[in-house]
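In the order they appear, the protein sequences are chains A and B. Counting with numbering that gives the first Met the number 0, you get residues 0 to 156 for the letters of the first sequence. Counting with numbering that gives the first Met the number 0, you get residues 0 to 156 for the letters of the second sequence.
Some clues are possibly wrong.
Computed footprint of chain B on chain A, listed as stretches where at least three residues anywhere in the stretch have a Cβ under 8 Å from a Cβ of chain B [to be verified]:
hint, region
1, 42 to 51
2, 55 to 62
Quick list of the computed label-pair ranges, beta carbon to beta carbon [to be verified]:
hint, chain 1, residue 1, chain 2, residue 2, range
3, A, Ala60, B, Asn20, 31 to 39 Å
4, A, Gln39, B, Ser36, 40 to 48 Å
5, B, Glu114, A, Tyr63, 15 to 23 Å
6, B, Lys85, A, Thr42, 51 to 59 Å
7, A, Asp93, B, Ser133, 55 to 63 Å
8, B, His97, A, His94, 26 to 34 Å
9, B, Gln39, A, Asn96, 17 to 25 Å
Not everything, but these chain B residues come out facing chain A in the computed CB check (under 8 Å) [stated by the list, open to error]:
hint, residue
10, Phe15
11, Leu16
12, Asn20
13, Leu21
14, Ile86
15, Asp88
16, Cys105
17, Ile108
18, Gly128
19, Ala140
Hints in this document: simulated from the structure, not taken from any laboratory. Computed from a predicted structure; not experimentally measured. Backbone N, C-alpha and C fix where the C-beta goes; we use that ideal spot for every residue, glycine too.
2 protein chains.
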Amino acid sequence: MADLERSAAKEKFLNFLEQKNLRITNQRRAIVETVFSTDQHFTAEQLLEWSRKRDSSVSRATVYRTLPLLTESGLVHEMDFGKDYKIYDPNYADHPNHNHIICDDCDKIVEFESERLETLENEISQNLGFTVKSQQLRINASCEDMKKLGACNKKGH
Amino acid sequence: MADLERSAAKEKFLNFLEQKNLRITNQRRAIVETVFSTDQHFTAEQLLEWSRKRDSSVSRATVYRTLPLLTESGLVHEMDFGKDYKIYDPNYADHPNHNHIICDDCDKIVEFESERLETLENEISQNLGFTVKSQQLRINASCEDMKKLGACNKKGH
DNA sequence: TTTGCTAATGAGACTCGATCTCAAGTCACA
DNA sequence: TGTGACTTGAGATCGAGTCTCATTAGCAAA
Ligand SMILES: [Mn+2]
Ligand SMILES: [Mn+2]
Ligand SMILES: [Zn+2]
Ligand SMILES: [Zn+2]
Chain A
0 MADLERSAAK EKFLNFLEQK NLRITNQRRA IVETVFSTDQ HFTAEQLLEW SRKRDSSVSR
60 ATVYRTLPLL TESGLVHEMD FGKDYKIYDP NYADHPNHNH IICDDCDKIV EFESERLETL
120 ENEISQNLGF TVKSQQLRIN ASCEDMKKLG ACNKKGH
Chain B
0 MADLERSAAK EKFLNFLEQK NLRITNQRRA IVETVFSTDQ HFTAEQLLEW SRKRDSSVSR
60 ATVYRTLPLL TESGLVHEMD FGKDYKIYDP NYADHPNHNH IICDDCDKIV EFESERLETL
120 ENEISQNLGF TVKSQQLRIN ASCEDMKKLG ACNKKGH
């Protein structure tokens with residue numbers, strides 16, 4: 000991801016705050032800069048840890064308060080992979096409709112986009128009398144590496 | 000759903016327990032009978048409440064211990080709709096690969112099956128070098144009723 | 001049946017991600 | 001600068017789910 004797009008996402012979020020009459024605080028700046036300086040999927044706790052490197056005053060509460068703003072702005076996507084914590088994806092500013100396939104054996108996550116999938120989803124929803132607001136296709140699978148070697152990077156194995 | 004299929008599911012689960020050298024206790028019987036006497040999606044807490052009507056000695060611990068057995072047997076499906084609790088679906092004995100569309104406004108859940116979706120998922124996974132183990136497509140949407148009347152059954156609205 | 005082994009149980013402590021409370025601090029605008 | 005609403009951090013609290021451990025109860029062999 001180009002640095003250009005990244006700082007664009009940051010700008011968009013600051014504008015989003017302004018539009019909602021929300022204040023641009025040092026803590027929010029630290030959090031947003033953290034979010035848009037990585038391509039990685041992250042947890043709330045990771046975001047807290049990383050943000051504190053930029054501004055040690057960032058608290059857990061502020062991270063948890065800012066995350067809903069980030070998802071509401073559409074720049075970050077909240078995901079549920081069946082763990083007991085949520086995972087956040089900062090790549091939605093640029094790729095708003097991608098999905099994920101997860102290797103249950105090594106926790107690898109691969110992103111993919113599919114026009115046909117989107118079309119099919121809309122078709123199904125329409126037939127059922129719904130208007131799609133969002134969708135999440137989660138595929139749990141076993142990756143090639145696992146099949147080949149029985150290798151496993153998972154903690155505790 | 001026919002009572003026939005229901006008691007078949009119950010039998011299947013008891014056989015599953017036997018195969019794994021697990022004991023058929025009164026509590027497990029109460030839980031299983033509860034699960035397969037409804038078509039509704041339910042939470043762990045609901046299952047506890049309902050099971051206790053059949054056997055008041057059923058404990059929360061036993062419900063939470065039995066649920067993984069039910070899902071492992073393939074007769075019940077565990078789902079994540081982005082809430083902080085899981086939802087269980089007893090309709091998988093008969094319809095193993097259906098998906099769900101949820102109305103964000105009134106919490107209505109509609110099930111659907113799609114051959115084309117399944118095919119597409121397998122195709123995508125194969126291209127990425129994965130072997131599908133399970134999938135969950137969640138579509139969040141707005142249902143016809145909501146569009147028409149602006150009605151809203153949701154608690155607190 | 002009785003016995004004996006072992007799995008299974010209930011009560012309640014505990015975990016941990018997430019939310020809430022509230023007094024203190026700070027941003028934005030005049 | 002002053003003002004007031006917005007925002008903050010610390011820590012209490014919540015709630016779904018897990019774990020512990022003393023006790024109970026399947027179940028198969030005798
Ligand atoms: Mn992604
Ligand atoms: Mn279902
Ligand atoms: Zn893998
Ligand atoms: Zn609705």
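request  = With a cut-off of 8 Å on the beta carbons, see whether Ile86(B) makes it to chain A.
outcome  = violated, 12 Å
ask   = Holds or violated: is the Cβ of Gly128(B) closer than 8 Å to a Cβ in chain A?
value = holds, 4 Å
query = Do the Cβ positions of Glu114(B) and Tyr63(A) conform to the proposed distance bound of 15 to 23 Å?
reply = This hint is violated: roughly 41 Å between Cβ atoms.
ask   = Minimum Cβ distance from Ile108(B) to chain A below 8 Å?
value = violated, 11 Å
ask   = Does the Cβ-Cβ separation between Gln39(B) and Asn96(A) fall within 17 to 25 Å?
value = Violated, at about 31 Å.
ask   = Can the suggested window of 26 to 34 Å be confirmed for the beta-carbon pair His97(B) and His94(A)?
value = holds, 28 Å
query = For the hint on Leu16(B), does the least C-beta distance to chain A fall short of 8 Å?
reply = Violated, because the Cβ-Cβ distance from Leu16(B) to chain A comes to roughly 24 Å (cut-off 8 Å).
task = Examine the region 42 to 51 of chain A for residues whose CB is less than 8 Å from any CB of chain B, and state whether their number is three or more.
result = violated (count 0)
request  = Please verify that hint: Leu21(B), Cβ, nearest Cβ of chain A, below 8 Å or not.
outcome  = violated, 24 Å
inquiry  = For the restraint on Asn20(B), tell me whether the closest CB of chain A is nearer than 8 Å.
reply    = violated, 25 Å
request  = Confirm or reject the claim that Gln39(A) and Ser36(B) have a C-beta distance inside 40 to 48 Å.
outcome  = holds, 46 Å
request  = Would you settle whether the hint for Phe15(B) is holds or violated, based on the nearest Cβ-Cβ distance to chain A being less than 8 Å?
outcome  = Violated, because the Cβ-Cβ distance from Phe15(B) to chain A comes to roughly 21 Å (cut-off 8 Å).
Checked against the numbered hints given earlier, the structure breaks hints 1, 2, 3, 5, 6, 7, 9, 10, 11, 12, 13, 14, 15, 16 and 17 and satisfies all the rest.
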